[in-house]
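Trainee: So the protein lines, in turn, are chains A and B. When the count follows my numbering, it moves up by one through the first sequence with no breaks and lands on 202 for the last residue. When the count follows my numbering, it moves up by one through the second sequence with no breaks and lands on 586 for the last residue.
Accuracy of the hints is not assured; some may be wrong.
[Stated by the list, open to error] Simulated restraints, written as ranges between beta carbons of each label pair:
no.: 1; chain 1: B; residue 1: Leu-567; chain 2: A; residue 2: Thr-199; range: 54 to 62 Å
no.: 2; chain 1: B; residue 1: Arg-580; chain 2: A; residue 2: Leu-189; range: 58 to 66 Å
no.: 3; chain 1: B; residue 1: Gly-552; chain 2: A; residue 2: Arg-117; range: 44 to 52 Å
no.: 4; chain 1: A; residue 1: Ala-172; chain 2: B; residue 2: Ile-305; range: 24 to 32 Å
no.: 5; chain 1: A; residue 1: Leu-189; chain 2: B; residue 2: Phe-572; range: 52 to 60 Å
no.: 6; chain 1: B; residue 1: Met-139; chain 2: A; residue 2: Trp-125; range: 52 to 60 Å
no.: 7; chain 1: B; residue 1: Arg-373; chain 2: A; residue 2: Leu-176; range: 39 to 47 Å
no.: 8; chain 1: A; residue 1: Tyr-200; chain 2: B; residue 2: Ala-419; range: 26 to 34 Å
no.: 9; chain 1: A; residue 1: Ala-74; chain 2: B; residue 2: Trp-331; range: 51 to 59 Å
no.: 10; chain 1: B; residue 1: Val-562; chain 2: A; residue 2: Arg-144; range: 48 to 56 Å
no.: 11; chain 1: B; residue 1: Ala-96; chain 2: A; residue 2: Pro-192; range: 35 to 43 Å
no.: 12; chain 1: A; residue 1: Phe-198; chain 2: B; residue 2: Asn-225; range: 57 to 65 Å
no.: 13; chain 1: B; residue 1: Leu-546; chain 2: A; residue 2: Lys-116; range: 37 to 45 Å
FYI, nobody ran anything at the bench for these hints, they're computed from the structure. Glycine is no exception: its CB is placed at the ideal position from the N, C-alpha and C atoms.
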Amino acid sequence: MRIFLSERVLVLLVFLLTAAALFASTIGAEYLALGAVQSPVFFPRIILSLIIALTLTVIVQDVIEKRGVEPIEKWGALIVFVIAAVIYANIVTRLGFMLSSVPFSIISLWLFGIRNPLIIVAYAILVPGALVILFNHVLNLPLPTSPFTYLF
Amino acid sequence: MFSALPDAFAILFTFEALVTLFLGTILGIILGAMPGIGSTVAVAMVLPFTLGMSQAPAVLLLLAVYAGSVYGGSISAILINTPGTPQSAATCFDGYPMAQRGEAGKALGWATVSSVVGGLVSAVVLLIAAPQLASLALNFGPIETFALILLGMTCIVSVSSGSLAKGLLAGCIGIFLASVGADPITGQPRFTFGNWQLISGFNLLAVVIGIFALSEVFIRASKKAATVSELAEFKGVVLPRWSEWAGRKAGLAKSVLIGNVIGILPGTGAATAAFISYAEGQRSSPRKDNFGKGEPDGIIASEAANNAVTGGALVPTMALGIPGDAITAVMLATLTLHGITPGFRLMEDNQTLIAAIFAGFFIINLLLLPLGMALGRIAAPILRMKEAYLMTGVVLLCAVGIYFVRGNPFDLMVMGFAGVLGFVLRRQNVPMAPLVIGMVLGPTLELTLRQGLILTRGDLSAFATGHPIAGGLFVVTALALAFPIFRAVQSRRRRVAENG
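Take these sequences, add in the hints, and give me the full structure.
Mentor: Right under this line is the structure:
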């Protein structure tokens with residue numbers, strides 16, 4: 051029973067259900083009646099069918115061979131880092147490159163084991179600052195700026 | 087063309103032209119090495135600076151940045167597993183594993199020499215055979231291109247180490263991700279679910295950087311921190327010795343040929359050439375089993391082909407006025423801005439200028455060798471820093487690079503989620519290379535398949551029977567797929583025989 055609930059099988063089941071749902075969404079969708087080949091879902095349906103068939107094959111393979119995954123050594127650090135990276139990617143255009151990169155750099159350096167606060171703060175300000183100067187003011191390729199000033 | 091060379095050299099060997107070649111190549115290498123900037127952005131960045139220049143130096147500056155950026159992409163692909171440009175994605179497969187086992191300098195050496203050879207040959211081909219190659223390109227319709235792309239897709243089989251089913255699954259996921267957005271034929275949105283930002287689809291570079299670079303950072307964050315980067319051994323570019331080329335020259339020649347031929351086909355591009363060449367290299371190399379584990383043949387196949395494309399891509403641009411991709415479209419715009427009208431008459435009416443441009447392109451590729459070595463040496467101390475600084479810097483550079491692709495905040499989100507997807511898939515031992523191959527080749531595969539079916543009124547068999555070039559390519563594809571199965575059956579029989 052445990053093998054059926056392993057991380058591998060669960061991940062593959064998510065893929066299988068997603069592919070099946072995407073395939074189902076093409077059936078009811080309203081597209082211009084242009085014939086099979088001209089239909090926008092002609093090609094994606096073939097690919098989604100292949101994804102479903104291949105995912106089932108991989109699930110069977112993994113269950114038969116009872117393959118496991120490598121354990122994660124630092125769950126907490128990973129979760130915080132992934133959340134920080136995804137939030138950073140979402141706010142960088144709203145808060146500007148500098149204001150979003152400083153807190154992200156502090157979190158990242160801390161999670162990767164740097165404990166000297168002076169080095170953390172210096173890196174978090176100097177590296178994004180250097181990139182802002184290079185792109186915004188030397189190359190004239192403006193990075194996203196903050197709502198407070200056009201300088202960074 | 088050759089009679090115009092003396093006058094062309096007079097244009098070329100001026101102070102302005104030589105400084106332009108030198109600085110343009112340096113700038114191209116640096117911009118190409120920055121993840122996400124890419125050749126198109128690099129060429130577009132310098133376009134405004136050409137407006138004050140005369141015709142030849144203006145075009146030469148763009149060519150220098152173009153060729154330099156294609157090579158520069160390999161530096162970050164090898165050293166930090168982050169392709170600076172999409173055309174360097176295939177270089178990651180073998181370049182990064184070599185860097186991980188302390189051979190980063192050697193990997194860069196193979197990439198440098200292969201890039202230079204690929205670029206030089208493409209410059210000669212451009213000079214000699216531009217009109218002839220242009221007419222060959224005109225014979226490639228959608229059916230022939232479909233057959234060519236299908237052949238390229240067979241490299242999924244060769245890069246799927248571990249499980250073929252997982253490799254094929256990753257390839258299909260890549261093709262599907264590329265199909266999200268506006269349908270290439272009708273323009274109707276697919277799988278956008280009311281989100282207008284999805285109409286233009288997932289940006290290729292955002293996905294590539296997410297699944298390669300960001301997922302790598304996630305993996306390192308999940309492990310106990312290493313004090314120093316794994317690239318501590320890297321001290322600079324190490325050129326391969328002549329003896330090390332034994333058994334590799336034929337592969338290099340084949341990759342250069344593939345790059346040149348694919349370069350002249352409009353709409354294919356350097357990334358496609360690199361993957362097709364990688365597949366062919368994997369199929370024909372005597373060291374095929376080492377591909378994906380740090381085999382120099384893989385770097386040669388990818389880098390020689392993607393640099394060979396640079397000359398080939400200029401053929402339809404110059405001779406026909408048809409830009410093959412976004413980069414040559416920017417070049418075409420520059421030519422027009424400078425009063426040069428590309429097309430059949432260009433070669434006849436502007437022989438001196440064209441000869442100067444082609445000869446300048448040859449010099450640019452020669453400059454790649456010393457400049458690549460010098461800039462690689464500068465990269466060494468940067469990459470010898472602590473993992474914490476390097477990984478944080480990688481995320482910041484990825485964000486910068488992705489933002490510059492289209493200036494679209496949505497691409498940054500795509501990069502973030504592609505990083506998570508890459509991390510999850512890599513934990514399940516799903517290879518990432520097929521996903522990228524699917525995303526690169528998928529759109530052309532779909533478009534040419536559907537165009538072909540429309541042309542043949544839905545008759546798939548007419549693809550092979552009515553089109554000899556396509557028929558030949560289908561036979562090669564079938565052999566390419568059958569050969570690994572034949573080898574597997576043979577080795578199984580041998581094992582059974584040995585066990586009695």
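Trainee: Determine for every hint whether it applies to the structure shown.
Mentor: We went through each hint and held it up to the structure:
| no. | hint | verdict |
| --- | --- | --- |
| 1 | B:Leu-567 with A:Thr-199: 54 to 62 Å | holds (59 Å) |
| 2 | B:Arg-580 with A:Leu-189: 58 to 66 Å | holds (59 Å) |
| 3 | B:Gly-552 with A:Arg-117: 44 to 52 Å | holds (46 Å) |
| 4 | A:Ala-172 with B:Ile-305: 24 to 32 Å | holds (27 Å) |
| 5 | A:Leu-189 with B:Phe-572: 52 to 60 Å | holds (54 Å) |
| 6 | B:Met-139 with A:Trp-125: 52 to 60 Å | holds (57 Å) |
| 7 | B:Arg-373 with A:Leu-176: 39 to 47 Å | holds (44 Å) |
| 8 | A:Tyr-200 with B:Ala-419: 26 to 34 Å | holds (29 Å) |
| 9 | A:Ala-74 with B:Trp-331: 51 to 59 Å | holds (55 Å) |
| 10 | B:Val-562 with A:Arg-144: 48 to 56 Å | holds (51 Å) |
| 11 | B:Ala-96 with A:Pro-192: 35 to 43 Å | holds (41 Å) |
| 12 | A:Phe-198 with B:Asn-225: 57 to 65 Å | holds (59 Å) |
| 13 | B:Leu-546 with A:Lys-116: 37 to 45 Å | holds (41 Å) |
Of the numbered hints listed earlier, not one is contradicted by the structure.
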